[in-house]
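> One letter stands for each residue in the lines below.
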Amino acid sequence: MTVTIRKLDELLQPPAAAESGLNTQEYYVNMGPQHPISHGSLRFVARLDGETVKQVLPAPGYVHRGIEKMCEHLSYRQTIHLTDRMDYFSALMGNWAVSKTVEKAAGIEVSERAQYIRTIMAELQRVQSHVLWWAVLGMDLGAFTPFLYGFREREIISDIFEETIGARLTMNYVQPGGVMYDIYPDFAAKVKKVVAYLKPKIEEYDTLLSGNVILQERLRNIGVLSQEKALAFGCTGPVLRASGVPLDLRKVDPYGVYAKADFNVAIGSRGDSWDRYYVRIQEMRESLKIVEQLIDNIPEGAHTTTKPNVKVKLPEGVHYGQLETSRGILGVTIVSDGKEASPYRMHFRSPNYCNLWTITELAPGWRIADVIAILSSLDLVIPELDR
Amino acid sequence: MDSDAVLGAITRCEPSAQARGQSDTLAVRVPLERLLPLLQQARDTEALGFNMLMDHTAIDWPERSCFELLYRLYSTRHGHALLVTTEVPRENPVAPTACGIWPGAQFLEREVYDLLGVLYDEHPDLRRVFLEDSWQGHPLRKDYQDPDMLAAP
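Line order of the protein sequences matches chains V and A.
Mapping to our numbering: the first sequence position 23 is 23, numbers consecutive.
Mapping to our numbering: the second sequence position 34 is 1034, numbers consecutive.
These are computed hints drawn from the structure, not numbers from a lab.
Treat the hints with care, since some could be wrong.
With a Cα cut of at most 27 Å, we get these calculated DSSO-like pairs of lysine-lysine [said to hold, decoys possible]:
# : chain 1 : residue 1 : chain 2 : residue 2
1 : V       : 311       : A       : 1142
2 : V       : 339       : A       : 1142
3 : V       : 7         : A       : 1142
4 : A       : 1142      : V       : 69
5 : V       : 313       : A       : 1142
Please put together the full structure from these sequences, using the hints given.
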């Protein structure tokens, strides 16, 4: 038996003289936990030879709050607000993932109206999330204008959420059996206005940034993630699709009312940073298409079938539900002992956690500035991978 | 393939595998020593083609004095999924590592080691991932105690 437990400090031994032949020495540089490119508290240790990256050691955990442990003492309705605090750019989808799992396990019916509201809200949030990612990617690569543009668009979508939900970031909106509040009477009109506003904006983004030769040089053929590697690392979402695997749960295993919408799954061919960039740009267009198709057909009915303080007991066993957030597949495993109204064990399959580790394969051989571009193209949300 | 066909194919590959029950997705239980052969065949058998380890986690069962390890497999080629479970004894929780089959498994296993204290034999880099290296204990164990912990409501 050879179980060896290691420590990070042991790995950071002064390295030997570099291979370059010049009189240089490899050295370690610490990036983070507070660093503008990490978009949250994520620490990297990079082994460098000059400016060339030899190895990257991610050291996450600075935002670990023990959400899975906390869930063991809460009712299922109470666990939902914690999912807001994981991937806060897909807060609604985190809520939905838990609700979906609980609904399936407890046999709770959901009205058609609630499913429409959930789907529309989720797609608006996907656009919002990708807009913000686009903004920050621009800033990471030295273009400040996209940052301002992206935040402007994000505010407009946030206003829609605020009017119905009362929150702009941590929604706590989707609950088992439906949604917390019904939409406002002028919801459809306002969403249509926003969609009409955003559609030309995405084309403008293309003109402003996508076609820019500097951006292309910074992203094309940088950090190529092959299909085999992406699958072996368990990548999902735009990162996997950019490598050419059309795995999108909205198509493969439709939930909500995605089956009623006509949309395409954007995929890339090479799996480089550019493909990861462009897949997300195309996803914004597709998401707006979905919203447009659904917004006029929201049926009448109740927005929820359960009371807000509902105590659900799940049958004994392992329950699993998953859905496609902006960053990939969020899976919720609930283990119930059949006695308590809270989970015996709750586990979140985090898309960012799996996507993060590809950096150990992608970064070596590139310059520090390229690693920034690769990280930005992975679109990590740190509180979600730390949980 | 539908669930019954997957179950049939997996038990043909590994006769010691049995349906787990008490799971809302297709699940099989396998003895610890047959875990790796089953995972290997689940990936390599053409008809099964589980090319993705979607998730790996563990459940602490103090009354049964074991940890139950969960491996959630998915096939992008066939679109089917399978949950493989096995049990390791609680007093000596050593399991084989699956990172020879799916390289990404090593990071999921590091998380399970960090939070539940399951040890992985032959793991190339078994380190804590979220908590500090000097942290005492494994928080997701049911008997975990910590001076700063609040009493459960």
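> Of the numbered hints stated earlier in the document, which are not met by this structure?
none
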